[in-house]
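Novice: Now for the letters of each chain:
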Amino acid sequence: MTYQDKTDTTEAQAVAAPVLELEGITVAYPRYGESDHVALDAVDLKIRRGEIVGLVGETGAGKTLLTRTVMGAIPGGGEHTSGAMRYNGTPFTDLPDDKSPVRPAKDIALIVSNPRRELNPVLTVGQQIVNVIRHHLGLSEKEARARAVDMLRAVAIPDPESRMDAWPHELSGGMAQRVVIAIALSCDPGLVISDDATSALDVTVQLQVLNLMKEMVAGSETAALIITRDIAITAHYCDRVVILYKGEVVEEAPRDAFFDRPHHPYSINLLAAFAHSPALREAWWDVPPLADGTRPACRFADRCARRQPRCVSEAPALRDCGAGRRVRCHYPVEAGT
Amino acid sequence: MTLLSVQDLVKHFPVSGSSKLVKALNGVTFEIERGETFSLVGESGSGKTTVGRAVVGLIEATSGAIVFDGKPMSWKRNIRSPELRGRIQFVFQEPGESFNPREPVAAAMIEPLKYLGMNRSDRDRRLAEVLELIRMPMATAMKLPDDLSPGMLQRAAVGRAIITRPDLVVLDEPTSALDPTARAEIVDLLISVQKKMETAYLFISHDLSTVRFLTDRICVMYLGSVMETGPAEKVFLDPRHPYSVGLMASVLLPHPSLKTPERMKLEGEIPSPLDLPPGCPLASRCPLVEPACRERMPLPEYPQPKHLVHCINHHKLERADVVSDRFETFHTLSDRILRQGLPERVA
Ligand SMILES: Nc1ncnc2c1ncn2[C@@H]1O[C@H](COP(=O)(O)OP(=O)(O)O)[C@@H](O)[C@H]1O
Ligand code: SF4
Ligand code: SF4
Ligand SMILES: [Mg+2]
Chain A
35 MTYQDKTDTT
45 EAQAVAAPVL
55 ELEGITVAYP
65 RYGESDHVAL
75 DAVDLKIRRG
85 EIVGLVGETG
95 AGKTLLTRTV
105 MGAIPGGGEH
115 TSGAMRYNGT
125 PFTDLPDDKS
135 PVRPAKDIAL
145 IVSNPRRELN
155 PVLTVGQQIV
165 NVIRHHLGLS
175 EKEARARAVD
185 MLRAVAIPDP
195 ESRMDAWPHE
205 LSGGMAQRVV
215 IAIALSCDPG
225 LVISDDATSA
235 LDVTVQLQVL
245 NLMKEMVAGS
255 ETAALIITRD
265 IAITAHYCDR
275 VVILYKGEVV
285 EEAPRDAFFD
295 RPHHPYSINL
305 LAAFAHSPAL
315 REAWWDVPPL
325 ADGTRPACRF
335 ADRCARRQPR
345 CVSEAPALRD
355 CGAGRRVRCH
365 YPVEAGT
Chain B
92 MTLLSVQDLV
102 KHFPVSGSSK
112 LVKALNGVTF
122 EIERGETFSL
132 VGESGSGKTT
142 VGRAVVGLIE
152 ATSGAIVFDG
162 KPMSWKRNIR
172 SPELRGRIQF
182 VFQEPGESFN
192 PREPVAAAMI
202 EPLKYLGMNR
212 SDRDRRLAEV
222 LELIRMPMAT
232 AMKLPDDLSP
242 GMLQRAAVGR
252 AIITRPDLVV
262 LDEPTSALDP
272 TARAEIVDLL
282 ISVQKKMETA
292 YLFISHDLST
302 VRFLTDRICV
312 MYLGSVMETG
322 PAEKVFLDPR
332 HPYSVGLMAS
342 VLLPHPSLKT
352 PERMKLEGEI
362 PSPLDLPPGC
372 PLASRCPLVE
382 PACRERMPLP
392 EYPQPKHLVH
402 CINHHKLERA
412 DVVSDRFETF
422 HTLSDRILRQ
432 GLPERVA
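Order-wise, the sequence lines are chains A and B. To convert, take the position in the first sequence, counting from 1, and add 34; that gives my numbering. To convert, take the position in the second sequence, counting from 1, and add 91; that gives my numbering.
This is chain A alone, in the form it adopts within the complex (with noise of 0.2 Å):
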């Protein structure tokens, strides 16, 4: 079932490199006397053009750190130990330099939650886009001044040339994250990452936000990864959906095969977060405790209705469903199950 105009996917764009490709990609924190914290483990992620994918999971599911990896900023002393990254098919790593071909900064525009702290207090909104146009794309001051100007005209910024010259704490939070996403923009990013952009806004304006960033993406033909505790944006402004669980991907499907029919019981957890139904709730996730001290081998068994004795002695490897589907479990919901 088809429940929205989507991204259309033309088939040149499908056998096109995808715009970015994750393999395998390991992050693991070491710890004195113990095995390695894997927080990251073997993240396979493709995101094609004019593509907008969703990247769904709750804290500590290892979001922020997978974009920071991306970026080249693993925080806090982990390791990146494995898997490739590529943009368009150029390989990467996560040290960049002058020489990369890849510039993260540039050809991937990253937009976090808290607008303000993104931008410098002691400069004027357009001196802050100029330098990033100027830093990257080496334009005059006059013409970095015009593309300026017309990138807060394109984010729907009121009287755009008298906002030129606006300080950062003048803006509502709105506003704020409407500069962020003209710089993130202004540079024509293949790629647009949104971690957790819109959590921090009010609704109405949250709507504005989300309905921007699908507009300029379609515009622009970049591709988007939004990352979002807040599945329910997932559902109508992504065309695929990643669900990510302790730094695994659990379950990956077309957005609306995922809705209609989750597969994975971590998924059918999470969506039960949003239901109404404390009963339904209470089915799924009243889960009687493992034996103390069993070390099981699913990440989700401990709080796995579905969970069986072999889910506790042998992981459940990434599986490949047919129809763009991929499922982490040895018993997943499927059809008539």
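Be careful, since some hints might not be right.
[To be verified] Once the Cα atoms are required to be at most 27 Å apart in a straight line, the calculated BS3-like pairs of lysine-lysine come out as:
no., chain 1, residue 1, chain 2, residue 2
1, A, K280, B, K234
2, A, K80, A, K248
3, A, K248, B, K350
4, B, K356, A, K248
[To be verified] Stretch-level coverage of chain B by chain A, calculated; a stretch enters the list once three of its residues show a Cβ under 8 Å from a Cβ in chain A:
no., segment
5, 260-274
6, 289-301
7, 343-353
8, 416-430
Think of the hints as simulated: they come from the structure by calculation, not from any bench. Note that CB positions come from ideal geometry on N, CA and C, so glycine has one too.
With the hints as your guide, set chain B with the ligands onto chain A.
Specialist: The following block gives chain B with the ligands in isolation, referenced to the frame of chain A:
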């Protein structure tokens, strides 16, 4: 029976270094019945928190009255005076706020009982009761706040609030800082606590999806004024204020078939509460605005019994043909989808 009545509440904050005023509340009126859940909704800056803080006596209103259990609150009769102690409790947005980082959470949970002059063994008995109600093992309650997850800590904050068996709990965005799973657990907890204790809730939230199913009556606020008040099912099914319609239409529900309606899309953002122009506060964003709206604040009207609206055009929004709201539709749909695959043990 009316438990709390807020009457024409006004709160103006002075702006430092200027003669201007932040007009946070401009005559807010509503009542809460015993044992009911009453929700205040609206975008940030609409004045919800200010109402809650005035009710628990953390700020003093500029004018207006707050009447609790038949008698007005005042500097002499506040939530700390002997007559009212423990009867109005509160839970805030940040789970950590109610706890001392150096004390086990259980110590903070029994603290309200000390003010009631309860002896040690009664306090311990009450604590055990509450821990059972909030389903928290004693061992967890003996931990320091930093060692609990935000969801567990908020659970303890709810426990701390209900330990005095209050008549009213003011909850200001108690779930906004939490992950979806922890948020749903707190909502389910609040529902089960209310079933057992018959506590009334003043629930302050911008999460309409939660409010829809938790609430008996809802009050929609905008720029320090009430736009619409009424029974939750009525207001969600047939909202009569352009702001309520726009706000509800902006909520994203987690299924692709439940698109956001195009009706009354609100453009722009909530304006600054400094120097508010006269008339309807929504005039700068309202698709139905006309000159009369800017002249004076629209008078209260009752399109249906117990359903109050401040809008001169409320009749234009009537929709007699609608039988269920989007939230209800989502409820039915998600129930059907998520029931698939439940193990037989519980199905
Ligand atoms: N202590 C204060 N001093 C000055 N202005 C305040 C103070 N508290 C709240 N306000 C202002 O009052 C208005 C209403 O705020 P608030 O009650 O916090 O709204 P809400 O809870 O609906 O987001 C806002 O513009 C806010 O900035
Ligand atoms: S592998 Fe087993 S425990 Fe893990 S999610 Fe699937 S059913 Fe549940
Ligand atoms: S009174 Fe006028 S401006 Fe206010 S909500 Fe109604 S139509 Fe809109
Ligand atoms: Mg507030």
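Novice: Now tell me, hint by hint, if it's right for this structure.
Specialist: Status of each hint after checking the structure:
A threshold of 27 Å between alpha carbons decides the hint, and for A:K280 with B:K234 the separation of about 24 Å falls inside it, so the pair holds. Note on A:K80 and A:K248: the hinted pairing holds, with a Cα-Cα distance of about 19 Å set against a maximum of 27 Å. For the given pair, A:K248 sits about 15 Å from B:K350 by alpha-carbon distance, which is consistent with the 27 Å threshold. Straight-line distance between C-alpha atoms of B:K356 and A:K248 comes to about 17 Å, which keeps the hinted pair within the 27 Å bound.
Under a criterion of three residues with beta carbons nearer than 8 Å to beta carbons of chain A, the stated coverage of the segment 260-274 of chain B is upheld, 4 such residues being counted. With a threshold of 8 Å between beta carbons, the proposed coverage of the segment 289-301 of chain B by chain A holds, since 3 of its residues qualify and at least three are required. Counting residues of the segment 343-353 of chain B whose CB lies closer than 8 Å to any CB of chain A gives 9, so the stated coverage by that chain holds, three being the minimum. Coverage of a stretch by a chain is defined here by at least three residues with a beta carbon nearer than 8 Å to that chain's beta carbons; for the segment 416-430 of chain B and chain A the count is 8, and the condition holds.
Going through the hint list in order, the structure satisfies each hint without exception.
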